[in-house]
Structures are given as structure tokens and as C-alpha cells.
Amino acid sequence: MNQDISFINSWIKPDSRVLDLGCGDGSLLATLTQELNVSGYGLEIDPESISQCVAKGVNVIEQDLNNSLHNFPDNSFDTVVMTQALQAMRYPHLVLDEMLRIGSQCVITFPNFGHWRARAYLTLRGRMPVTKQLAYQWYDTPNIHFFTYSDFEALCRERNITVLRKKFIGEHFPDRQLKNLWPNLFADTAVYHLSK
Amino acid sequence: MSLDKRENSVGTVSAEKILIDKPLTLACGVVLPSHELMVETYGTLNADNSNAILICHALSGNHHAAGYYEDDEKPGWWDSYIGPGKPMDTNRFFIVSLTNIGSCFGSTGPTTINPQTGKIWGADFPALRARDWVESQKLLMEQLGIDCWAAVIGGSLGGMQAMRWALEYPDKLANSIVIASSMKLSAQNIAFNEIARRAIKSDPDFHDGHYLHKNTLPKHGLALARMIGHVTYLSDELMGQKFGRELRSGTFLQGEAAPIEFQIESYLNYQGDKFSSGFDANSYILITKMLDYFDLSREYQNNAVEAFNHANCDFLVVSFSSDWRFSPERSREITDALIGAGKNVSYAEIESDLGHDAFLLPNPRYEKVLGNYLSRVADKFEAESKGAAK
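In the order they appear, the protein sequences are chains X and E. For the record, in the first sequence the residue sitting at position 108 is 108 according to the numbering used here, with numbers rising by one throughout. For the record, in the second sequence the residue sitting at position 17 is 213 according to the numbering used here, with numbers rising by one throughout.
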């Protein structure tokens, strides 16, 4: 799931402090550090990913996002980033609150479960979708909260979260052409820039 | 012992006694006009003296960190991590390991002669702080012609020195690697140390610490102190796996009167006796107190972030899941303070059931994290050396 989200570089201030929740192998932080000279830290629990971050020279902290993030003070970061991990959190709404407590802004990307391909899979095959984006069987998936673009919009409204920007990703036909018109149907991934 | 084990190490090593002929003012005010340090080095110092690692030992450690002595079956205490191709790769780094003052392996300490009186120091050896070890290591560094350590590395009390280095001499180290350590001991930790000291002092052969003048040794007390310590360095799980309730002798059968000894009793007694014949009781008291007194941020308004604001180097912090003497929470506090101070830091909590001792023992994940980190450190100075050569 290595999508090109390099456009978020223009959402993040140079020389600012960035916290990446679920930073994986540290690629995003490495890029942000190189291009924007950010002071970045990533949280990760996968041992192999942590080793890769260390090898890259990316600051990585072993910490489970499902446990508390209370060790990070209010507004201690400029931007808190989370890519493709919200759906794997035990309580996504609480994690979202925490992100906006720790950072003055947040960048979140998530897979849109309302994408037509997922809908078609479920409707026609009657099975839980296994796609390139969501490449797990229902019983072993880390993605325990499936939600759509529209669900996320509703959550932001409910919690009075300000949407600064959003962008939709969909590479293939007809997604590329239609994703901005009907994001809930044609965006396979949504990218949000949020503040309190 | 297998031969390839020795081949996979730095091989046969020997220690050197180095005279530091400069005054060392200790935190307690006492001045040592000169002092001696037992030192081992592994690997080769590069042309621009930029590849040196300082190893900081813990309570009972010494200068023999890697390789084998002639006619010795047992390698140095950190041999799993120091050697060719190992995390502290002797093909790339020049590694300096010493016995610090106050310990008992040949460096100036309670068992050596006080030149001012001509007598063994014994209990009169001045009280020490971790910073005194750092100051002595700094003098050694100057004598070796090293301007900046590529890394200062230590576990437990060694990690405390690595942190102290970062605050006292921010421009004299590029990396501080803090393993299974803490910014200060908890009350429980101090309590264990005090029980150990009381055990030593209660030995009738202790004579207020002047036992060497009386040609005795408080072996029972020191063994007991070590047995207490040893239990706290292991985890309940590990002791369960290793010993369980296995019996070494005796039986629970009806009608049997022979005394029963559990395996763990025999093991602990053996460990205590082995330790008490190789370590000095005054050193044990001195160094446990040094551990108790350590408080990284005391002079920084008890604010750890403020303390680490003075550091310039990068940090790697490592803890072990079953370590309850220097628990992962203590390492988290270090990491959080470093993030607060905006320092480069990575933190790994290694899954292990070996307790505090895990930092000394082989563990693939620990090896990988430490190896990856140090490999990057080496890449950096090797690139700089190359750049300078052009």
C-alpha cells in the first residue's frame, strides 16, 4: 500500500515537528526529513519495521498506539500523521482525539471501504472484500474498523474537527476520472488535513 | 569450548594498566593526584581517530568485555556484542573498555594502595558518583588521543554514564546508547541495594571495611549481597523455566529424613560464592551507593527535558520486557524526555524473559537494532574519512 502522497509535503511546514503514528519502515519520515528538514519521530510496534527505521536513521519509538499516548504532552508537535492505520485502531475516534491533542494539525490517510470495488465484491460474491488495498481475510485482518469516506466526514462533523484540506486517491479507470465527483464510490484512499 | 566460538571473537586479548598522571577532582571534593586504569581495546583506531567506542560497565563489570585471555575458557562479559561482524563490529570500530576507579580489577580503588599513606585504601576510598567515572574516562580519552567518541555505550549503571557523558561533554560524543537503564533509581531499587550493603556489613569479618588490614574477607556477607542482587536481575518466568521446583538433593517421600535442597538454592549459593571470591566488598558498597545517588536531572531543576537540552548527540535507548529492576517504563521516561528536548532518539523494547541480565545475553532482535544503529554510525564516519582524504 505504498501510494504516492508526496503532495502532503506542501501541507507540512519546513523545520516543524512531526509525529508519525504507525510509521512502518520510516519511508515517509525519511522523505519529510530530507525534503522539509522536519524533526520527526515515528511510533511503531513491528520489530522488523523498527529495525528498518533504525537502519535508515529515522527516529523510531516502540509504542503501541492502542495503549495510551498520554506520554506526549498537548501541542507538543506541529503535525501528527497517520497513514493507513486508523482502521486498525481499537478506538479510532479516541486516537483521532489524541492526535489533535498532541498536534496542532493532523494528516490522516485511510482506505475507503465505500469504494465501488469493495461494494461489488461484497454484493456480487457475498464475501468480505479482499482487494489490493485490503489484502487480508476477514479472520486475520488487522483492519478491525471498516469505514467509508462518508463515515469519516460524519465523524469529523460530530467531533467538531475542522477539515483544512482533503484529497482522494484512485489510480485506475474509472477512479482517476470520477474520484473527485463521487469520492465515496471512486476514491480508494482518502487523505485528510485536519485541525481542531 | 568450541574453537569457532573463539574464532568468531576478537581472539586472545590482554589488558594494559594505564597511568593517568593528572589530578582528578571527585564530586565529593577529594582529589586523586593520579590514578591507574585497567584498559582493553579491540579493533584499530582509524586515521582521523573518529571510530572509537567507549564501553561503560555496570556494577560488577570490568575491562574484560570481549575476547579470551590465554588459557581462559570464558570470554569477556559483552563478547556476544563485540567482535568482527558483531553489533560493535571490531572491523569498523576501535573499542575501549576499562575498569573504572573504585572497582576491584586493578584500577585504582579500595583494594589498591593509597600513595599518600602507603596502605590499602579499603573503606577509606572516597565516595564516588557516576560523573567521577565520566571524568576519569575523559582523562583516558585525552591520553588515547581521541577527540570525539563515535559512541558511548552502556547497560544499567553503564547507561547512566552514557547519559552523563551526553550532558557533561556534549561535543565529545556523537551517540549515546543507553541500555536497560534509568535516570534515577526507584525507592525499591535503593531498598535492594541497602539490603545488600547491610548483608555485607553484618558479616563479622567486615571490620567496618578494614578487613584487608586484618587479613580477612567478608565472603559470607558479599555472597548474600550478590544472591539478593542476582534474584532481582532475573525474572520470575526465567527462574521458573530454568529451575522450577526441581530438587538437587533429598526427596519428599514419606519416611525420608534426608534434607531437601532445591536446584535454585544450590544455584544461588554457587553464584554468591563465586562472586564473593572475585569481587571486593568495599567496591560493592561504593558502587551500589553510586547507583543510588545517581539522578540525571537533579542539577537541572529535576527537569529531565531541561537536562537533555544540554545534549548534542543522538541517542538509542533499549529496554527488555521482563526487566523489573530497570523496567521498560524507566527507559520510556528517558525516551520521552529526549523527544521533549527535540533530540534524535530511537527506542526499542526487546521481548525477553531474561530479566535485567538480558542486556548481556544473545538476543537476535537486540543484536539487530544495536547492529543497525551502529552500522549507520560507522557509515557516517567512514564517509567523512573518505571525504577528508579527497
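These aren't lab readings, by the way, just hints derived from the structure by calculation. Ideal placement from N, C-alpha and C gives every residue a C-beta, glycine not left out. Warning: the hint list may mix true and false statements.
[As the list claims (entries may be wrong)] List time: in silico DSS-like cross-link candidates among lysine-lysine, alpha-carbon distance up to 25 Å:
{"id": "1", "chain 1": "E", "residue 1": "K470", "chain 2": "X", "residue 2": "K56"}
{"id": "2", "chain 1": "E", "residue 1": "K485", "chain 2": "E", "residue 2": "K270"}
{"id": "3", "chain 1": "X", "residue 1": "K196", "chain 2": "X", "residue 2": "K166"}
{"id": "4", "chain 1": "E", "residue 1": "K270", "chain 2": "E", "residue 2": "K410"}
{"id": "5", "chain 1": "X", "residue 1": "K56", "chain 2": "E", "residue 2": "K213"}
{"id": "6", "chain 1": "E", "residue 1": "K415", "chain 2": "X", "residue 2": "K56"}
{"id": "7", "chain 1": "E", "residue 1": "K315", "chain 2": "E", "residue 2": "K438"}
{"id": "8", "chain 1": "E", "residue 1": "K213", "chain 2": "E", "residue 2": "K315"}
{"id": "9", "chain 1": "E", "residue 1": "K334", "chain 2": "E", "residue 2": "K410"}
[Claimed, not checked] Rough simulated footprint, nothing fancy, chain X against chain E, three-plus residues with beta-carbon under 8 Å:
{"id": "10", "segment": "524 to 536"}
{"id": "11", "segment": "564 to 578"}
Are any of the numbered hints broken by this structure? If so, which, sorted upward? 1, 2, 4, 5, 6, 7 and 9
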